[in-house]
Amino acid sequence: MPIDQWTTDNPTVSDNLSSYGDECLENATNIIDDKTVQAAFGTAYTIIFIVGIFGNALVCYAVIRNRAMQTVTNLFITNLALSDILLCVFAVPFTPLYTFLGRWVFGGPLCHIMPYAQGCSVYISTLTLTSIAIDRFFVIIYPFKPRMKIKTCICLIVFIWVFSLSVTFPYGYYMALQDLFCAEKWPSDQIRKAFGAVTTIMQFVVPFIVMAFCYTCVSIKLNDRLKSRPGSKNSKKEDAERERKRRTNRMLIAMVAIFGLSWLPLNLINICSDFYSFTEDWKYYMIKLLIIRIRSPLCPRFKLKG
Numbered sequence: 061m062p063i064d065q066w067t068t069d070n071p072t073v074s075d076n077l078s079s080y081g082d083e084c085l086e087n088a089t090n091i092i093d094d095k096t097v098q099a100a101f102g103t104a105y106t107i108i109f110i111v112g113i114f115g116n117a118l119v120c121y122a123v124i125r126n127r128a129m130q131t132v133t134n135l136f137i138t139n140l141a142l143s144d145i146l147l148c149v150f151a152v153p154f155t156p157l158y159t160f161l162g163r164w165v166f167g168g169p170l171c172h173i174m175p176y177a178q179g180c181s182v183y184i185s186t187l188t189l190t191s192i193a194i195d196r197f198f199v200i201i202y203p204f205k206p207r208m209k210i211k212t213c214i215c216l217i218v219f220i221w222v223f224s225l226s227v228t229f230p231y232g233y234y235m236a237l238q239d240l241f242c243a244e245k246w247p248s249d250q251i252r253k254a255f256g257a258v259t260t261i262m263q264f265v266v267p268f269i270v271m272a273f274c275y276t277c278v279s280i281k282l283n284d285r286l287k288s289r290p291g292s293k294n295s296k297k298e299d300a301e302r303e304r305k306r307r308t309n310r311m312l313i314a315m316v317a318i319f320g321l322s323w324l325p326l327n328l329i330n331i332c333s334d335f336y337s338f339t340e341d342w343k344y345y346m347i348k349l350l351i352i353r354i355r356s357p358l359c360p361r362f363k364l365k366g
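Just add 60 to the spot in the sequence shown (first one is 1) and you have our numbering.
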């Protein structure tokens, strides 16, 4: 029996579902309009903005000024800091204001620029984290092969930016002011769904699989080395070096876990909003994004290594 016929023949079930949905949306609206909630999110986003801008700017300044710190890993970390600054500038000030005001007041150009910049920042971060994982993989698994050169690293960073700007362009292009809202306006529903699915795969699924594979191999290799070399005559120096490498890789492995836990909820919400109707109410959707995005700028994410 078709769903529409089933619900028509069972008005009690249909009415209950409708009533439940209205109640959920009313509760979401009440939460957003609550002054305490607004003050809490406003304070949190202000702190994130200040720490995100100045913390990541300090990372960039330290690497640029200190030539000895301009290593491959630190250049990737600097790129992460730049992507966080981009996110802080174009997401942190506008997202809570748009949500709590209930309308878009920032003009037409920003309606295109803000989501475009946010999408670019996400791609830059994930691709940079993936590049770090691949670099660590080759350093640990193939220690006698030449490391990535600085020029190669810079070229890769430039490619990451160009690629990110290109693949997220449709997201900025198909945004439009509709009455009081800044919303997506795609040529067709099929294109919107296809773009959302491809974005999830390219921005989250593939990077996560690559990072998980690389760091699993790294962990296995490090464990094998420790077992095969329990001690030596120059044990103090070698042990210190091994401990330093273990700390570095533990930190990077932790970042994979943080990456997965941080971005999985947002990607699930995006997929649900593309394919299902229960997230259509913008306030119900935005309060979720507020909670999830409040953790986005990890400022700074890594400890720089000289």
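Take these hints with a grain of salt, some might be off.
To be verified - Here are the computed lysine-lysine pairs in the BS3-like style, where the Cα-Cα straight-line distance is at most 27 Å:
1. K209 to K281
2. K205 to K296
3. K281 to K205
4. K281 to K297
5. K297 to K205
6. K296 to K281
Stated by the list, open to error - Distance windows between CB atoms, simulated:
7. K211 to K245: 40 to 46 Å
8. K281 to P169: 46 to 52 Å
9. R207 to I124: 20 to 26 Å
10. S248 to E303: 52 to 58 Å
11. K253 to S322: 23 to 29 Å
12. F229 to K253: 17 to 23 Å
Worth flagging that the hints you see were computed from the coordinates, not collected in a lab. Only a predicted model underlies this, so the values are computations on that prediction, with no experimental measurement involved. Built from N, CA and C at the ideal position, the CB exists for glycine as well.
Okay, the hints, checked on the actual structure:
no. : hint                     : result
1   : K209 to K281             : holds, 23 Å
2   : K205 to K296             : holds, 26 Å
3   : K281 to K205             : holds, 16 Å
4   : K281 to K297             : holds, 20 Å
5   : K297 to K205             : holds, 23 Å
6   : K296 to K281             : holds, 21 Å
7   : K211 to K245: 40 to 46 Å : holds, 42 Å
8   : K281 to P169: 46 to 52 Å : holds, 50 Å
9   : R207 to I124: 20 to 26 Å : holds, 21 Å
10  : S248 to E303: 52 to 58 Å : holds, 56 Å
11  : K253 to S322: 23 to 29 Å : holds, 24 Å
12  : F229 to K253: 17 to 23 Å : holds, 18 Å
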